[in-house]
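Asker: Residue numbers (my numbering), protein chains in the order written: chain A, 16 to 212; chain B, 1165 to 1545; chain C, 32 to 635.
Mixed in with the good hints, there may be bad ones.
[To be verified] Calculated cross-link-like contacts (lysine-lysine; reagent style PhoX-like; alpha-carbon spacing at most 25 Å): (1) K1304(B) <-> K1532(B); (2) K525(C) <-> K578(C); (3) K578(C) <-> K36(A); (4) K528(C) <-> K578(C); (5) K1432(B) <-> K1532(B); (6) K1359(B) <-> K61(A); (7) K1534(B) <-> K578(C); (8) K1432(B) <-> K1516(B); (9) K1432(B) <-> K1287(B).
[What the hints assert, rightly or not] If we take Cβ atoms under 8 Å as the criterion, some of the chain C residues that face chain A in the derived model are: (10) V69; (11) A140; (12) L218; (13) R219; (14) V248; (15) F258; (16) N265; (17) L277; (18) A517.
[To be verified] If the Cβ cut is set under 8 Å, some of the chain C residues that face chain A in the computed set are: (19) V251; (20) W262; (21) I594; (22) L595; (23) G599; (24) G620; (25) W621; (26) V624; (27) N628.
FYI, nobody ran anything at the bench for these hints, they're computed from the structure. Even glycine gets a Cβ: it sits at the ideal position worked out from N, Cα and C.
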Amino acid sequence: MEATSHAAAHPPTATGLPTLKVGFWTFLGSETLFFGALISTFLVYKHGSVSGPYAHEVINIPLTSFSTFVLLMSSLCMVLALAAVQKDSRKGALLWLFMTAFLGATFLGCQAYEFTSFYHEGLTLQSNLLGSTFFVLTGFHGAHVTMGVIWLLTLWFQTWSGRIGSGDALKVEVAGLYWHFVDIAWIVIFTVVYLLE
Amino acid sequence: MASRSHRFLRLLVSLSALGSLGACASERYPQTTFQPVTGFGRIIDHLFHGVFWWTMLVLVVVFGLLGYILIRFRERPDSPEPKAVYGNTVLEIMWTVIPALIIVAIAVPTIRGIFQTQEAAPKDALVVEVIGHQWWWEFKYPSLGVTTASQLVLPVGRPLDLRLHSADVIHSFWIPRLGGKRDVNPVRAMPNGEKPPHLNHISLTIDSVGDYPGQCAEFCGTEHGAMRMMAIAVPPDTFDAWVKRMKAGQDTAALSAPADSLALRGKKKFLSSACIACHTIAGTTAMGQVGPNLTALGDRWSIGAGMLDNTPANIQRWVLHAPQIKQGIIMPGANVGGGGMPPTGLSASDAKAVAAYLSSLSAGVAPKKKTGWAIETTTTH
Amino acid sequence: MATVEAHAPATAAGHRRTGIWDWITTIDHKKVGILYGVTALIFLFIGGLEAMVIRTQLMQPDMKVVSPDFYNELFTMHGLTMIFLVGMPIAVAMFNYIVPLQIGARDVAFPRLNALSYWVFLLGGLFLYSGFFIGQAPNNGWFGYSPLTSLQYSPGLNMDFYALGLQILGIASIMGGINFITTIVQLRAPGMKFMRMPLFTWMAFVTSFIMVTALPVLAVALFFLTFDRFWGTNFFQASAGGDPILWQHLFWLFGHPEVYILILPGFGVVSDVIPTFSRKPLFGYAVMVYAGALIAFIGWGVWSHHMFATGIGTIADAFFTTSTMIIAIPTGVKIFNWLATMWGGRLRFTTSMKFAVSMVAMFTIGGVSGIMHAVSPADLQQTDTYFVVAHFHYVLIGGLISAVISGLYYWYPKITGRLMSEKIGNWNFWLFFISFNVTFFPMHFIGLLGMPRRVYTYAPELGLGGWNLLATLGAYVMGVSMLLLAWNLVRSLKKGKPAGNNPWQAATLEWATSSPPPEYNFAQLPEIRGRMPLWDNPDAYDERVWKEPEGGVHMPNPSYWPILTATGIAATLILFMTHLWWAPLLGLGWTMVCVFNFAFEPAG
């Protein structure tokens, strides 16, 4: 969702902030409510499953801690990627954008592994409340991560073909806002789903 | 020419007068909310009157001001140029604080009323289970061993505990003269065999004998508009006699022996056809649990839970053509299947006999008027 | 719909399209506003027709004009139409056209996103209606309570149209909200501080915040319903431990802020119109702003007043009773501020002003019945009866629609360059005002005398045939009054008196430019120094404001990616109906192709 740039000289904005960033923060506001409703539902139904499998039977905290760490590190890479773009370091930008996407994809790989192992243990969308709430909540989150990885790879290609320089740092910054949001959402989900009893 | 504000005020006042006049006549408005016969209903009515008069005060002030403004400050050739006024702190504080005080005056008795109307029923209250189905009401008296449908017979002067749940979708139990409505919700399965959280219930005591109609008040599908019921409040000894006659059928051979041969033929036909798969008549071999209990059907205010007036001809019609009369129900007709059952194939004369039998069933309590309430009534007031 | 072409100056650069291509590829906020407005008005007439059939069925007891099933589709679609296809889009239409003009901007912050919102809305509305063509329109009320909406109790396609159609519409609203918030924050002209913006723009701002936060909650609820129906999840499945009441909580968490989405724009219109025709500034401007924001904020804390009969428990009942009563205070303050604006003024009763004044009066009646609802034990008699129907029609028709019509009469000259007929407008107003009250005032009685809502008929024994007949006759006359409005709108396009820039001698910026405005809105603007620029500083606003400067004004190119992307978004959801798990992914793929093109399209 990119702003159209008016004319050659961008007219100054009333706040001095870039318009794309303001719009994107607003979008993140709506996403907060979206995930908030999903997380609240999970919490409300946490102990309501009438039949198994139950959470303690299936969740694997070591694996999920690892994937959480991976996602956190990817946010660090995103910060480094933005810094590189702002400094016009093409090599740095390529490296860190790639690392962010790679770690994001690794997270998705862990999710895929976890989903299939749950499935084999009998936890499905239809099996019970846990199945429905877990897969829908983490599924939507995973879909957001997937969109983010695609976005990052697009930025990587643009950087590689020379179409992103320090003047376009805003585009990377906005991608970074999205990525960090997705990461923070995961921290909350991880806490609520895996850690809280 | 009367000014706009005067005309409107006159209209408002005369309509309110009309409305309140009419509200007093419960014979004219049998589902009026203004003539409660229970303490529960009276608490509500009292609260309503409180808020009504406060809000009338607000309306009078606002409309009075508006009327004055529209006349006084209307543009005229000699109107002065208006002075620019941006605010007035004193006024603004006043019209924030005064409404806030009115709100408090309304809120305090309201909160009290919330707790009063949801107190637990006393231990000796008569428990009645109200079960909502698409599109009929079932009533069970667990302590008395009685089940009935569509017509709720209740003793006057005795604390009652109506416990509400649904067999399918959300309905709402509303008999206006008995008080406010409560939703009838499906029961959630609970983990580890825990008991479900409290069922909705209404505790009340009826103080006047009478017939009190009501209907479902939460949209529940095709025939929501036809999901109606009638509560009949009777003196305690009449109630006990009714209970005895409803139960008597369970202990002895027949509830009330049908007198004539048509009815006898109908009884035989009924008890040997598919009807008994879904319906129960106390004291017979009909013990189906799917559809409404038909014990004492002859007393009922309607046939088909609100579709037809209770006459033998209508019962015959219902038995033959129920799916065509009440859309979407699972009862099969003579030519149309329903609820996984094939068409009954009953002939018109069979149905006439069955109707005579069912009409003869009585437990002694019926509404004063047995016609005019149903969807397809042919009699009017 | 042709604008007055002579007033639209040519603009420099870019490919300009003509005729229908112009409208399909436009990203001009004014044209997008007109698209929204015309579409919403067409849906208003369709929703009104549905109401006419409903009222005909209810004219007398036991009528058989329509079957129970069709009746249920009618009232469901009437509600969905009026709320999602009229109330919200007509507000967005006005935001679109007027807000950039009022803040001195060239367009909204994201013009292509703006066009995209419109096309998504249109496709969502068409999809929602397509159910009628196969006799399976949504039929479980606009509020669609579980478990009635589950596959078990609604095996047909009706609720699929509902869940997926509303999902599409919600996306359009969220995008619109993001756009308007950003526009108002970012694109105010120099000197246009927040506390100098017209009240209409302020209400647009607050409404946009509500849209951005409430619609996602509905989206989650609709996803739960969709997954329950299509994939067998258990969100509302009581047998698996699910709670059908969860739907009510999620729906009303959206639904109550939704009604403030509907009414706040109306408050905004009236707050601009009344000062203009009183020739006095708005009384208590700052308080009006804060009250609006407060209403939006508190509006998040009252949702379970729609659930007083559900059995949420005494503590919850007490809490929501209190919060609902509290929200009456800032609302009441607004009423008094409008009265005080008129006090001491020089009142000119144009048609716009008549509708604005009647809004104040009718909204007060609706607000007062709302206070009655807030008394939760009393609400046990009122909820789900015609008393509620009276309440919300007073606030939505007496409130919102009166304000919208006031806004139409007010801004029509700015949009088209011609005035609507005051003579027809007078008939329009009085017919509307009287018939509206005749239709809906009796419903207060009908409800408290025992008639529930959403019933396809009622017993003659209830004694309500007379009142219902009166309401139906009123409804027919309302239909006539709306035809008068339509006639006035259409006829005045060609026959209306030319308006000039500022026919009402109003104070706000949109009146400084030509009628209709040039594509670029303003050539230049002096620095804004107050809330009523054209009253404070009339000489500063002359033809330099709108006359095309040397060399023209560069405007961004039109684009067909908005409409194409809209097809992708709609397709992603509609393809659920195939019951093939991979079909929505195809739609998603097409959407991403469009989004890529959208993102990388040169702005021009």
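Asker: K1304(B) and K1532(B) were given as a pair; does the straight-line alpha-carbon distance stay at or below 25 Å?
Answerer: 23 Å, holds
Asker: Taking 25 Å as the top limit, are the C-alpha atoms of K528(C) and K578(C) close enough?
Answerer: 22 Å, holds
Asker: Let me know if the C-beta of W262(C) comes in closer than 8 Å to any C-beta of chain A, holds or violated.
Answerer: 5 Å, holds
Asker: Straight-line Cα separation of K525(C) and K578(C) no greater than 25 Å?
Answerer: Distance of about 24 Å is within 25 Å: holds.
Asker: Return the status of the interface hint for I594(C): holds when the least beta-carbon distance to chain A is below 8 Å, violated otherwise.
Answerer: 16 Å, violated
Asker: CA of K1432(B) to CA of K1532(B), is that 25 Å or under?
Answerer: Violated, at roughly 30 Å.
Asker: Regarding the hint that L218(C) lies at the interface with chain A, is the smallest CB-CB distance below 8 Å?
Answerer: 6 Å, holds
Asker: Is the interface hint for A517(C) satisfied, with its Cβ closer than 8 Å to some Cβ of chain A?
Answerer: 35 Å, violated
Asker: Between K1432(B) and K1287(B), is the straight-line Cα distance small enough, at 25 Å or below?
Answerer: 43 Å, violated
Asker: Given V251(C) was flagged as interface, is its beta-carbon under 8 Å from a beta-carbon of chain A?
Answerer: 4 Å, holds
Asker: Go through the hint on A140(C) and say holds or violated, using the shortest Cβ distance to chain A against 8 Å.
Answerer: For A140(C), the interface hint holds, since the closest Cβ of chain A sits about 5 Å away, which is under 8 Å.
Asker: Taking 8 Å as the limit, does the beta-carbon of L277(C) come near enough to a beta-carbon in chain A?
Answerer: 7 Å, holds
The structure fails hints 3, 5, 7, 9, 10, 18, 21, 22, 23, 24, 25, 26 and 27 (numbered hints given earlier, in ascending order).
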